[in-house]
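Peer 1: Sequential numbering from 0 applies to the sequence shown in numbering that gives the first Met the number 0.
Note that these hints are calculated values from the structure, not bench results.
Using N, Cα and C, we set each Cβ at its ideal position, and we do this for glycine too.
It cannot be assumed that every hint is accurate.
[What the hints assert, rightly or not] Simulated restraints, written as ranges between beta carbons of each label pair:
(1) 558 - 580: 19 to 29 angstroms
(2) 388 - 270: 31 to 41 angstroms
(3) 198 - 505: 55 to 65 angstroms
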Amino acid sequence: MGRSKPTRVVGNLPFAVTSFVGRQREIREVRELLATARLVTLTGVGGVGKTRLASEVAAVAGRSFPDGVWLVDLSGVGDADLVAQTVLTSLGLDVSNRTIEEQLVEHLTDMQALIVLDNCEHLVDACGALCNLLLRSCAGLRILTTSRELLGVAGEHVYTVPPLSMPSPYLPVTLGALAAYDAPTMLVERARAVRPELTLTERDADVVVRVCERLDGIPLAIELAATRLRSLSLPAVLDRLEDRFMLLAGSIRAAVPRQRTLRALIDWSYELCQPSEQLLWARLSVFTGGFTLAAAEGVCAGSDLPRERILDLIDHLVAQSILAPVPTDGPPRYRMLETIREYGWHRLAERDETGALCKRHCDHYLALAERIAGAWNGPGQAAGLAELRAERDNLQAALEWATSTPTAANEALALVTALRYHWCADGFLGEGRRWTDKALRVADQTGPERISALWVAGWVRLLLGEFEAATAALDECAAAAAAVGDRHALGWVSCLRGTTEMFPGHLTSAIAAFEKTVADYSDDDDVVCMTLFQLALAQANAGDRSAGVTAHRGIALADQRGERWTKSYSLWTLGYDQFLRGEYDTAVDSTRAALEIQREFNDHVGTALMMELLAWIATARGEYRHAAGLMGAVGSVWHRIGTSIAVFGPHLEAQHSACEHTLDQSLRQAVQRAERARGAALDHAQAIHYALDPSQTAQEPDEREDTMLTARERQVAELVAQGLSNRKIAQQLVLSTRTVDRHLENILCKLGYSSRAQIAAWTARAQRQP
């Protein structure tokens, strides 16, 4: 018996020429919208695949419309008066002596049909009016439209088509795991269509991900890039994406002219904008990684673009899919896809405005950083650091411009100084070293900005354990600050000189330096707060009973100012002193209070020091499994920030070594490896939660953990470790997605885990065990 042919949907839908990759979630969500809404608009940036998604939805939903699914392509229609005529022609009807609108209403009145109006953005008003008429007159009609701009009709439901899914470019991924993501799947599939012999190795996986990331996951851009693989290797395509519009200038001949090249596609969107919208689009390209409304107003406004118009113009660009709002609990924030931003940058260069806009961009973020640094020693520290983290890409861009522009050398120095807490209290030590070094290298050897940058460079270097370079920076700073009477810089140098003595273990000279700093600069709370907890630490290591008094003094000063960050460190030094005295219960309370404050911050150094101390206390109390988990988490933190406990002095390093030795003597190797791996798999927030909640530590099992899982659960765990989504796992094991969801819940419950990353770590560990 022969295979039956698939049922052809009534209507005029064309057959697809290329395979449709992924988008199953999007198809389901749009179908669900169509089940309740009579007008659905697919919107999104040009090239994102609105037309193809609409066609796939129409094909899948065809049986729900017995009177047909009709595609109306408006891409070639330039006259708004011809919209209704084009719909009539697409339905296969001839023009009569009645109006076209009357004919359409009469034909569709009693029909259960779906009309797909494709490419409405240049005919928005006409399309909106026709949709409004037809939906009010034809009860069984549904309309699905694609448009970069909303129609603005009552009852319109909007679905924003996202770029194709991609793995994070910052995390390693295997070649097999790429199949779980739509963008790399499309790139590989289209590449093999033009180059059938193409074979990929594990080394190619990262390049594929980076190509897709540079292309923003936009299907048209991926299609164009794939055609270049006829003559270029994957790495060569990635290199040439520095100028994506030149690389992707190849034409797809079957497409309408404005969709044949990436440049033509974005040109079309640009030409649909009003001149003021075009100007703002170009100026907004100076931002990277998104921007706030306040930043757009501060940087982009001018005599030709009044500040009070910025919000309205941003709203228009959002409606045209040029900008996208970013969900945030803070001030309104927006972003551009990199392709759209790069196009705007070309337009800005054509206006000869790049230099002026970069200067204004740098000035804006310098003012932001200086405001946060100036208000540091009081309430709002965590919020200030969170704001800097949100603007990290813009800060990097401002630093790049300032350090590469000779006339902006002072701005570069001022910016690296203003960002000192971002570097040293927010987990970005490596970046701090790179940018302070670069700013000092390109700047003049004199000036107040250089003096401040030098002590910041010394602080960063100290935390990284680079004592010689730190001392050189502090010596230069001291000489220059003394020459001009810069008391604040001298106070910081005095404090950090004490640190240079304490870290190598010279406790007597460190204590003397810290005590002198507190006495000489008692009027500078920034310096005193930073000094007191270090003095308490040095005193504790020296066995000086005044350590607790000093720590309490630091806590009191912080509370007086509403300051939280140094309070956390003062509580830690108090807990450390109590630990050294064998007062384990109070030590735990003090250290947990310190770590609780760290929830508000992204301070990897502080978090690691406090978790280390909790691990030492747990070991001293015989809580070995919890201690091993903490040590695993701590090891990951030190690795991420490029430093270690040894940097902070031989006394702390000795406590660390003693803890490691006790754990080696007290835990079976397999158990210790398992607990360390569990801790190592935790992210920053999870590690803090684990350290604060010892109840998460399971009892030592009598058998290996992998015997707790069924054979099917072990299969699911192995596929999770390969990076497959639940849907892909279901396809591979021929199960329903719901069944895989249930298996995953069982695995997490049995192993006491809370994330897929922990399952992956457990799987790797289990495979290594005999």
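Peer 1: Could you check the hint for me, namely that residue 558 and residue 580 are 19 to 29 angstroms apart, CB to CB?
Peer 2: 24 angstroms, holds
Peer 1: Do the beta carbons of residue 198 and residue 505 sit within 55 to 65 angstroms of each other?
Peer 2: Holds: the Cβ-Cβ distance is about 60 angstroms, inside 55 to 65 angstroms.
Peer 1: With 31 to 41 angstroms as the target window, see if residue 388 and residue 270 comply at their CB atoms.
Peer 2: 37 angstroms, holds
Checked against the numbered hints listed earlier, the structure breaks none of them; every hint is satisfied.
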